[in-house]
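S.K.: In order, the protein sequence lines correspond to chains A and B. The numbers in this note's numbering rise by one with no breaks, and the one at position 214 of the first sequence is 214. The numbers in this note's numbering rise by one with no breaks, and the one at position 74 of the second sequence is 1074.
Please keep in mind that the hints were generated in silico from the structure rather than gathered at the bench. Honestly, I wouldn't trust all of these hints.
What the hints assert, rightly or not - Reference excerpt, derived from the structure (chain A facing chain B, CB under 7 Å, subset only):
| hint | residue |
| --- | --- |
| 1 | A173 |
| 2 | Y284 |
| 3 | M297 |
| 4 | A300 |
Cβ atoms here follow ideal geometry from the backbone N, Cα and C, with glycine treated the same way.
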Amino acid sequence: MTVTIIAEQQQEGTHPTLAQMVSAAKGLGGTCKVIIPGGSGEQEASNISGVDKVMKMTGECFSSFDSQSWSSSMKNSIEGTVLLAATPAGRELGASIAAELGISVIQDVTSISPGIKLERPVYSGKAIENLTTSENCVITIRPNSIEAAEMGGSAEITSQDSTESIRLAVLEAIAKASEKIDVSEADIIISGGRGLGDASNFEKLEEVASTLGAAVGASRAVVDEWGLPHSMQVGQTGKTVTPALYIAVGISGAIQHLAGMRSSRYIVAINKDPDAPIFAVADYGIVASWEDALPAMHDAIKALP
Amino acid sequence: MKAAVLIKQVPDTTAKIDISGGEVDESGIAKWSISPYDEYALESALQMQKDVGATVVAITLGPDRASKSLVDAAAVGADELVHISHEGAIGSFALQTALAEAVKRVGADVVLAGKQAADTNAGSTASGVAKILNWPCVGLVSKIDASEGEFEATRSTVAGLERVSVSSPCVFAFDKGEDKLRIPNVRGIMMAKKKPVQKHTMADLEVDASNGGITESSVTYPPQKPPGQKFEGASSAPEVVSRLRDEANVI
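For reference, chain A alone in the conformation it holds in the complex:
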């Protein structure tokens, strides 16, 4: 079979998800073509083992993200089943490509195997949908759910210029993306909830986060009530996260919050209420006030060799 991967756009080089998509494509067998929409990274892409062809697309429409113009410009270059990373841009572009080609789109899969058999979390992880598809389709794959392919390839690179025009104009950048690690990409997340008592106590989480190289997350309650950025929110109406370690501080564990973080590899909960629902999903639970437990934990982390 033939697989076409649309690379996630990146300022320089390739996005880490590209090697994961290549690994997924190799798992399906057949040839693997990578399309790079604007940007750069064709050299890096061609060096990923398993890539057969790299096509870089250029043109006015790639000056900023315009899913509809991008999909129009790519339609004649796509062959077979299409893979993208299930990032916000990847999902929007994937849906547009599927509609352009009149085929199905299956978003945010966490497992893909020949057949094609797919698994995807639904209801924010409260259930798993198992699918089999028999026709070409567009599939987006959740970042970090598949081991990346190795380097060591040398695929042929071509380029193509698109004449599609962009249909939206960027007037101004309002806020730069935070320099801090985003919860959706972090390996370790430390999140706070109402139990922290006050927004200013998030500083204490920031301190531990900086020692661990972690991102700081928050429950919906404190995002709504204390005016924290929505980008920090973990849960059903925020981000669904799957870090190696999730530390929940002063979070009782509403069902919507659990849905967003329960598939983390390891979960630590600090809560003074021994009956808090968060303990039901925690691998390590500490029944104590966060004022006492967090500094003790921070000291122990700093003391690690």
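Based on the hints, put chain B in the right spot on chain A.
M.R.: For chain B alone, kept in the frame of chain A given last:
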């Protein structure tokens, strides 16, 4: 100007999901609601109603129970209600084609939808409908300022927040919006129940309701974790940290 809002009825986010025989057991779902991001799309359309006199059309696709979400939309101010009746699974392309056809028939100039539904978590509908209509799409929007035929929107991208301008006709997919959601009043709720609902079937929209090549589909519970270890008191924190290092190997 006419603004179409695409609304999906989903199990309330507080609902427990029970599974039986490979599918979600709907009889166990106590409460159905408008999907949360669709509510922000609806709120933004109602702002257009106030600011530029837009007519707001709420469109849903789903079984009979989904008409309740249209009544909820009318209770906060939607002017026209459209229900595309469909039971059971449907492929993404057939679904988007039906919604796009309904948008054309009501004569909308702009479409607003949530970025993804709280049940499937997919996030395909707005972008797919835009493609079928051949309209531009702006995703992850948190605020729209409308004037006649022109929009300025705040959207989130990997680079941060940016302000974009786009002309009608176009499609917006909503993230959590900047505006607070309005709460229906008693009069709104009473009036909403009397509002007529325009009914469509897939057949009268001339859409082939195929499942798009998906030959098998079942739902299962996520794998259960073994029970965790619970420690009493802050003095146990060093013990937990050493287990994170030695047992879990995550720090």
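S.K.: Of the hints stated earlier, which fail here?
M.R.: Of the numbered hints given earlier, the structure breaks none, since each of them holds.
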